[in-house]
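The hints should help you fit chain B onto chain A, whose structure is shown.
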Amino acid sequence: RKEVEQDPGPFNVPEGATVAFNCTYSNSASQSFFWYRQDCRKEPKLLMSVYSSGNEDGRFTAQLNRASQYISLLIRDSKLSDSATYLCVVPQAGGSYIPTFGRGTSLIVHP
Amino acid sequence: GAVVSQHPSRVICKSGTSVKIECRSLDFQATTMFWYRQFPKQSLMLMATSNEGSKATYEQGVEKDKFLINHASLTLSTLTVTSAHPEDSSFYICSARVSSLEAFFGQGTRLTVV
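Going down the list, the sequences are from chains A and B.
For the first sequence, my numbering assigns the number 1 to the initial residue and increments by one for each residue that follows.
For the second sequence, my numbering assigns the number 1 to the initial residue and increments by one for each residue that follows.
Worth flagging that the hints you see were computed from the coordinates, not collected in a lab.
Check each hint, because a few of them may be wrong.
Claimed, not checked - Derived BS3-like pairs (lysine-lysine); straight-line CA-CA distance at most 27 Å:
{"hint": "1", "chain 1": "A", "residue 1": "K42", "chain 2": "B", "residue 2": "K64"}
{"hint": "2", "chain 1": "A", "residue 1": "K79", "chain 2": "A", "residue 2": "K45"}
{"hint": "3", "chain 1": "A", "residue 1": "K42", "chain 2": "B", "residue 2": "K14"}
{"hint": "4", "chain 1": "A", "residue 1": "K45", "chain 2": "B", "residue 2": "K14"}
{"hint": "5", "chain 1": "B", "residue 1": "K14", "chain 2": "B", "residue 2": "K41"}
{"hint": "6", "chain 1": "A", "residue 1": "K45", "chain 2": "B", "residue 2": "K41"}
{"hint": "7", "chain 1": "A", "residue 1": "K42", "chain 2": "A", "residue 2": "K79"}
{"hint": "8", "chain 1": "B", "residue 1": "K20", "chain 2": "A", "residue 2": "K45"}
{"hint": "9", "chain 1": "A", "residue 1": "K79", "chain 2": "B", "residue 2": "K41"}
Please read all numbers here as calculations on a predicted model, not as lab measurements.
Looking at chain A on its own, in the form it has when it is part of the complex:
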């Protein structure tokens, strides 16, 4: 099993829709998780962090399921500007924070 796995998509949704994608991880000892957003040919930018059960920021909700070892990202009321690749980041095993990225999930929001 890969350390971090994501469905590459693309997820193609209309404006206003609610969309969710998951990220599974293999290191059961991981304590912190992150969602990054990456626009084409740009650097990843931190979207949300997840330290315990979940986190909510406006239209975005991130949740953690430790038993099944996955985190999810829910986007409500999708905007055209939400179109991007969403990267899940899980620290590598060993305690020191070395970001390990999933492949990313592509989201396309259309009018």
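Relative to the frame of chain A, chain B by itself:
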């Protein structure tokens, strides 16, 4: 928030030449920086972890003699792609660890070897 500056953002070089990419932390000291490479439609792959004042730790499959990393100060790490070949064309991104739980990323460098 913390800012990481990466330079150049885009470079085109001839096959066989060397290219240096700089990564600077502008408003904080970074004892640890990471270098990643991203090929089209693929994830960011960690190449190496750079620690200030010591040798970099390379991931399996990454040639340390080809990808030279220098982290001589707390605010600067450099990646030099030596004897570049077309297959080295990629998007290179650096990241600086801010704390035990967070890292910030540079803008990335698009390298094209012709």
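- Taking only the CA atoms, is the gap from K45(A) to K14(B) under or equal to 27 Å? Violated, at roughly 31 Å.
- Could you grab the alpha-carbon distance between K42(A) and K14(B) and see if it respects the 27 Å cut-off? holds (24 Å)
- Item | Straight-line alpha-carbon gap K14(B) to K41(B), limit 27 Å | holds (24 Å)
- Can the restraint linking K45(A) and K41(B) be considered satisfied, given a maximum Cα separation of 27 Å? holds (17 Å)
- Would you mind confirming whether the straight-line C-alpha gap from K20(B) to K45(A) stays at or under 27 Å? Holds: K20(B) and K45(A) sit about 24 Å apart, inside 27 Å.
- Message: Would the hint linking K42(A) and K79(A) be met if the CA-CA limit is 27 Å?
- Response: holds (19 Å)
- When you check the alpha-carbon spacing of K79(A) and K45(A), does it fall within 27 Å? holds (18 Å)
- Item | Satisfaction of hint between K41(B) and K79(A), Cα-Cα up to 27 Å | holds (23 Å)
- Message: Checking one constraint from the list: CA of K42(A) to CA of K64(B), max 27 Å. Satisfied?
- Response: holds (26 Å)
When each numbered hint is compared with the structure, a violation occurs for hint 4 only.
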